[in-house]
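Colleague: What follows is the residue order along each chain.
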Amino acid sequence: MGVEPGRLHFSWISSAESTKFVDVATKVIEEVRALGPAGQLAKTKAQVA
Amino acid sequence: MSDYTQKIRETAKKLLSEGKVDAVIGYREGTLPLMAEPCLVKDPEKVDQLVFNSFCGVNLANYLPKRKDRVAVVAKGCDSRNIALHIVENQVDRERLFVIGAPCTRMVDRRKVAAAVGGREISGVSEQDGKLTVSGPGYEQTVDKKDVLQDNCSICIHRNPVLADEMLGEKLPEQEADRYADVREVEAMSPEERFAHFKDLFSECIRCYACRNACPLCYCPTCFVDESKPQWVGKSIDPTDTMTFHFLRAFHCAGRCTDCGACERACPVGIKVRQLTRKLEKDCLGLFDWEAGMNPDVRPPLDTWRPEDPEEFIK
Numbered sequence: 008m009g010v011e012p013g014r015l016h017f018s019w020i021s022s023a024e025s026t027k028f029v030d031v032a033t034k035v036i037e038e039v040r041a042l043g044p045a046g047q048l049a050k051t052k053a054q055v056a
Numbered sequence: 021m022s023d024y025t026q027k028i029r030e031t032a033k034k035l036l037s038e039g040k041v042d043a044v045i046g047y048r049e050g051t052l053p054l055m056a057e058p059c060l061v062k063d064p065e066k067v068d069q070l071v072f073n074s075f076c077g078v079n080l081a082n083y084l085p086k087r088k089d090r091v092a093v094v095a096k097g098c099d100s101r102n103i104a105l106h107i108v109e110n111q112v113d114r115e116r117l118f119v120i121g122a123p124c125t126r127m128v129d130r131r132k133v134a135a136a137v138g139g140r141e142i143s144g145v146s147e148q149d150g151k152l153t154v155s156g157p158g159y160e161q162t163v164d165k166k167d168v169l170q171d172n173c174s175i176c177i178h179r180n181p182v183l184a185d186e187m188l189g190e191k192l193p194e195q196e197a198d199r200y201a202d203v204r205e206v207e208a209m210s211p212e213e214r215f216a217h218f219k220d221l222f223s224e225c226i227r228c229y230a231c232r233n234a235c236p237l238c239y240c241p242t243c244f245v246d247e248s249k250p251q252w253v254g255k256s257i258d259p260t261d262t263m264t265f266h267f268l269r270a271f272h273c274a275g276r277c278t279d280c281g282a283c284e285r286a287c288p289v290g291i292k293v294r295q296l297t298r299k300l301e302k303d304c305l306g307l308f309d310w311e312a313g314m315n316p317d318v319r320p321p322l323d324t325w326r327p328e329d330p331e332e333f334i335k
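Heads up: the sequence lines are chains A and B, in that order. Residue numbers 8 to 56, in this note's numbering, belong to the letters of the first sequence in order. Residue numbers 21 to 335, in this note's numbering, belong to the letters of the second sequence in order.
There could be a bad hint or two in this list.
Chain B regions said to be covered by chain A (calculated; three or more residues, Cβ under 8 Å) [claimed, not checked]:
id: 1; segment: 150–164
id: 2; segment: 214–221
id: 3; segment: 251–260
In case anyone wonders, no lab produced these hints; they're calculated from the structure. By construction, the Cβ of each residue, glycine as well, lies at the ideal position given by its N, Cα and C atoms.
In isolation and in its complexed conformation, chain A is listed as follows (with noise of 0.2 Å):
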């Protein structure tokens, strides 16, 4: 439906492994992070008061 690539995430993560689950995170965050604000489906402060 034209979501921007990059914004959408997978990944299997067992309650055990704590430290996949800290590479993942911050990966995903640095790679939303390069993207910038969202363009699409989000909506500014002003249009949601």
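Given the coordinates of chain A, assemble chain B onto it according to the supplied hints.
Modeller: Quick look at chain B alone, frame taken from chain A:
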């Protein structure tokens, strides 16, 4: 089709007078031409209002969940698949249901008929041998039924009921059809183009929820759009809210939609909502070799896990 009408009346009368069911759910003539409406008959003396024609597009499976009585229901191919889904999803007790199966000769889109007669007022319509004779003030025009079929009916490949306690006629030959030509077009777009395409597609939406209400799959006690604590989705016609509603509604139908066309038929502004559900249908067919509602004894793919399920998208 009029022989279906006769048989439905006979069957309804028999079932009601023998006390086998408490009610029969079928169609009767609507208050306007081209608009057959759902009808619930409890009195065997009143079965003569029941009809079956090319305007019975409403999916009667929508009226079955939460019923406590024993009912008989008229079911076309798609309706019967939705009944099968209701059985799988424990919404309907097969023991209390009598299915009157109607091998479907496909339904007509009233908007296409209106366009074919140039938007003139329609006061009556009759059908014979694949032709519709439409009449109105000062005119009469004959239209080929195959030119005014509902979009979903023109690409239907399951017109025969998958389950029935009584059939109204012989099984009809299934047609071959390329079901996903327009879905492939959307798939070929870039993400930006696709987003713009859907933004445009839903720009006319007035959030009346007719698509949801007509859909037999939408039987949740409280729909996510009506929740206020928490409010999952904004209630305005802001494009973000509207698209969120449509995307989420479609995903709730993944692996369940039978492409009965009820949503598109109900839409007062003519939005092609089936574009979303058909993409999901195409994916379910490709990924899981699954068509919804074909067998009341098989659990759907999104309800089961198999080691060979595709998972390339998971990192």
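Colleague: Please go over all the hints and tell whether each is borne out by the structure.
Modeller: These are the hints, each one checked on the structure:
1. 150–164: violated (count 0)
2. 214–221: holds (count 5)
3. 251–260: holds (count 3)
Consistency note: the structure conflicts with earlier hint 1 alone.
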